[in-house]
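Asks: Protein chains in written order, with our numbering: chain A, 31 to 562; chain B, 328 to 448.
No lab work stands behind these hints, which were simulated from the structure alone. Treat the hints with care, as some may be off.
Claimed, not checked - Ranges between beta-carbon positions, derived for each pair:
id, chain 1, residue 1, chain 2, residue 2, range
1, B, GLU351, A, PRO442, 43 to 49 Å
2, A, VAL381, B, LYS447, 35 to 41 Å
3, B, TRP398, A, ALA439, 38 to 44 Å
4, B, GLU351, A, ASN437, 16 to 22 Å
5, A, VAL381, B, TRP398, 38 to 44 Å
6, A, LEU504, B, ALA438, 48 to 54 Å
7, B, LEU421, A, GLU387, 51 to 57 Å
8, A, THR327, B, GLU351, 54 to 60 Å
9, B, LEU421, A, GLY408, 24 to 30 Å
Glycine included, each C-beta is placed from N, C-alpha and C at the ideal position.
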Amino acid sequence: MKNIFSDPNKSIAAKLIIATGLLIVILSFIFWYAVSKKQKEDVMSIALKYGNSFIDFSKDSTRESLLTVDREETQQQIENLSTPEGVQSVKIFDHGGKISFTSNTNSIGTSVDKASISCRGCHEEPEKSGALLRSPQKWSVYKDEKDRTALKIISPILNETSCHTASCHAHPEEQEVLGIVEAELSLALLDEALFKQRLALIAYVIVFVFAVSLFLGIINYNIVTKPVNKLARGMEHVAGGDLDHPVHIKSIDEIGVLANTFNSMIKDLKAASEQMERWTQTLEEEVAKKTEEIQRTQTGLIQTEKLASLGRMAAGVAHEINNPLTGVVTFAHLMKKRFTPGSDDAEDIDVIIEQAERCAKIIKNLLTFARATPSERGQIVVNNVISKTMSLVKNQEKFHNVKFDLNLAEVPLVAHGDGTQFQQICLNMFLNAADAMNLRGNITVTSHEVEEDGKPFAEVIFTDTGSGIKEEDLPKLFEPFFTTKPVDKGTGLGLSITHGIVKHLGGNIRVESTIGKGTSFFVRLPLSEQTT
Amino acid sequence: MRKVLVIDDEAIVRISSKRTLVPEGYEVKLADSGREGIEILEKELFDVILLDLKMPDMGGIDVLKVIMERWPETKVIIVTGFSTVDTAVEALRLGAFNHIEKPFTPDSLLAAVQEVFDKKD
Chain A
31 MKNIFSDPNK SIAAKLIIAT GLLIVILSFI FWYAVSKKQK EDVMSIALKY GNSFIDFSKD
91 STRESLLTVD REETQQQIEN LSTPEGVQSV KIFDHGGKIS FTSNTNSIGT SVDKASISCR
151 GCHEEPEKSG ALLRSPQKWS VYKDEKDRTA LKIISPILNE TSCHTASCHA HPEEQEVLGI
211 VEAELSLALL DEALFKQRLA LIAYVIVFVF AVSLFLGIIN YNIVTKPVNK LARGMEHVAG
271 GDLDHPVHIK SIDEIGVLAN TFNSMIKDLK AASEQMERWT QTLEEEVAKK TEEIQRTQTG
331 LIQTEKLASL GRMAAGVAHE INNPLTGVVT FAHLMKKRFT PGSDDAEDID VIIEQAERCA
391 KIIKNLLTFA RATPSERGQI VVNNVISKTM SLVKNQEKFH NVKFDLNLAE VPLVAHGDGT
451 QFQQICLNMF LNAADAMNLR GNITVTSHEV EEDGKPFAEV IFTDTGSGIK EEDLPKLFEP
511 FFTTKPVDKG TGLGLSITHG IVKHLGGNIR VESTIGKGTS FFVRLPLSEQ TT
Chain B
328 MRKVLVIDDE AIVRISSKRT LVPEGYEVKL ADSGREGIEI LEKELFDVIL LDLKMPDMGG
388 IDVLKVIMER WPETKVIIVT GFSTVDTAVE ALRLGAFNHI EKPFTPDSLL AAVQEVFDKK
448 D
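Can you make the complete structure from the sequences, with help from the hints?
Replies: Structure representation (structure tokens):
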């Protein structure tokens with residue numbers, strides 16, 4: 031409240047206080063003026079009443095001495111009458127205006143001023159003089175030389191029977207007015223009283239205006255300024271984006287209603303903003319999900335394209351290699367015929383034929399994987415293939431320091447497909463494991479039946495005790511040409527081919543690895559119905 | 328004399344076939360393209376034709392169609408380096424007698440060729 035008057039244009043309370051204050055001041059002035067006037071009139075009427083009494087008293091006091099024409103007595107009476115405080119002068123003058131008796135002895139015998147207030151009435155309008163003179167008293171109020179209010183009152187001394195029958199015969203019977211008694215009374219005391227009353231009234235008005243203004247100010251501050259300021263602050267918060275500050279106004283008047291409306295508005299705004307935030311978040315999540323899907327699809331497409339390229343390349347290579355292999359096989363057979371069967375030479379030639387045929391088989395598998403060539407439909411007896419492949423590699427130099435642990439299912443697991451292809455998978459797994467362990471460690475092969483999407487699968491787990499695979503390499507593991515082996519050792523095709531064959535057989539492959547501990551490959555192949 | 332024509336763009340396959348078949352008493356002629364094969368066929372008749380499917384200027388399937396149209400009596404054995412069920416079925420549908428895969432062994436080649444004459448007899 032302290033600073034609302036610093037710029038009244040900005041404060042409703044200041045405007046209201048100033049407006050009501052001005053109204054009160056104006057009304058108080060009118061009230062003060064009316065009361066003052068009425069007081070003055072009342073006081074004057076009382077003063078006049080006392081003045082008339084005084085004149086009548088003066089006339090009564092001097093009547094006897096005037097009738098007896100005792101001038102000294104009359105003069106004495108007049109002087110006595112003018113002694114009390116407030117009586118300035120008392121005089122009696124005749125019809126011609128000559129002063130006969132007066133408290134101011136110096137002016138005896140002089141004439142009264144015709145322009146004086148007592149004479150003006152008759153002398154300015156002579157035709158009215160008869161009526162005027164007959165009226166018992168005449169008076170006027172004026173300011174004396176000291177600027178004090180004074181009352182001059184005159185009363186005619188009318189001719190009476192006792193006057194014109196008196197022994198002095200001074201006045202004829204037809205003379206109506208014999209003389210005039212004039213008293214000048216000071217109203218200074220009344221002036222003072224009125225002045226004090228006016229001062230008191232002014233003081234009262236000032237106190238009243240101040241008190242009313244203060245009261246209005248406090249009322250305004252509590253009813254208008256304070257809640258409006260609260261509202262303004264609330265709106266500033268909202269404008270600044272803060273929707274957590276409702277306005278607390280308890281009243282049920284218009285401002286209370288405004289505050290409630292404002293609160294429900296910010297509540298709605300907050301709800302809308304939260305909804306928007308949720309939408310944005312959902313949208314972001316959706317976008318992230320879609321982006322991930324697109325990335326996955328893209329990765330899949332890249333993978334597919336890579337495999338397709340590999341397929342085209344493999345087809346070309348297979349075709350080119352099969353021709354020279356035909357030559358090798360044919361001429362090896364031709365040569366063999368020249369040697370005695372069972373001789374060392376014949377056996378050596380057998381090795382050539384065997385290896386050439388192995389090459390042919392590898393190429394065929396490569397084609398199978400790359401071009402999804404439908405392989406000979408048959409059955410894979412999982413445990414048998416694992417055992418066979420193990421015995422095949424066990425005697426090779428590469429596996430001399432590798433220990434095999436087989437933990438195979440007791441029931442036979444039979445999957446659809448070409449046994450040679452599954453052997454290829456096992457071979458690749460063993461070769462990779464041996465490389466990962468630097469040719470020294472344990473390979474554990476576990477097989478069992480699992481269920482996936484309600485269908486039975488044979489799961490074969492190849493676990494090595496090798497160095498493990500770095501997490502960032504895991505997603506790229508099955509990509510063609512991805513290898514961590516030295517350039518001359520790995521082509522990056524082994525796991526890719528394995529992946530291709532597993533997919534071709536309708537299964538799946540995944541990997542789990544811990545750096546320093548080893549790696550496990552989980553190969554799942556759908557079981558054929560005979561098994562279950 | 329049983330006559331065999333080998334149509335293959337690969338010299339080693341032609342030679343291998345010839346070296347396998349000649350000692351077994353077959354008369355063998357060689358053509359290094361489909362076109363040359365047809366030219367030879369226009370001059371003399373053969374009992375069996377060993378036909379490579381993948382050749383540069385004229386593919387084996389096209390050559391097979393010509394042979395089936397003009398020399399329907401001649402038996403064609405398709406030799407392919409990347410045999411698939413589809414191409415094999417396609418060739419057999421067009422009238423090929425049989426098919427063998429590269430790399431073939433002398434025994435498998437002889438067996439396939441011999442089969443033609445076994446059925447004829």
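Asks: Please go over all the hints and tell whether each is borne out by the structure.
Replies: So, going through the hints one by one against the coordinates:
Distance hint check: the CB atoms of B:GLU351 and A:PRO442 are about 45 Å apart, consistent with the given range 43 to 49 Å. Checked against the given bound of 35 to 41 Å, the beta carbons of A:VAL381 and B:LYS447, roughly 38 Å apart, stay inside it. For B:TRP398 paired with A:ALA439, a C-beta distance near 58 Å fails the hint of 38 to 44 Å. Between B:GLU351 and A:ASN437 the CB atoms are about 53 Å apart, so this pair departs from the stated range of 16 to 22 Å.
Take A:VAL381 and B:TRP398: their Cβ atoms lie about 42 Å apart, and the range 38 to 44 Å holds. Checked against the given bound of 48 to 54 Å, the beta carbons of A:LEU504 and B:ALA438, roughly 49 Å apart, stay inside it. A C-beta distance of roughly 30 Å is found between B:LEU421 and A:GLU387, which places it outside the suggested range of 51 to 57 Å. For A:THR327 and B:GLU351, the hinted distance range of 54 to 60 Å is satisfied, since their beta carbons lie about 57 Å from each other.
For B:LEU421 and A:GLY408, the hinted distance range of 24 to 30 Å is satisfied, since their beta carbons lie about 29 Å from each other.
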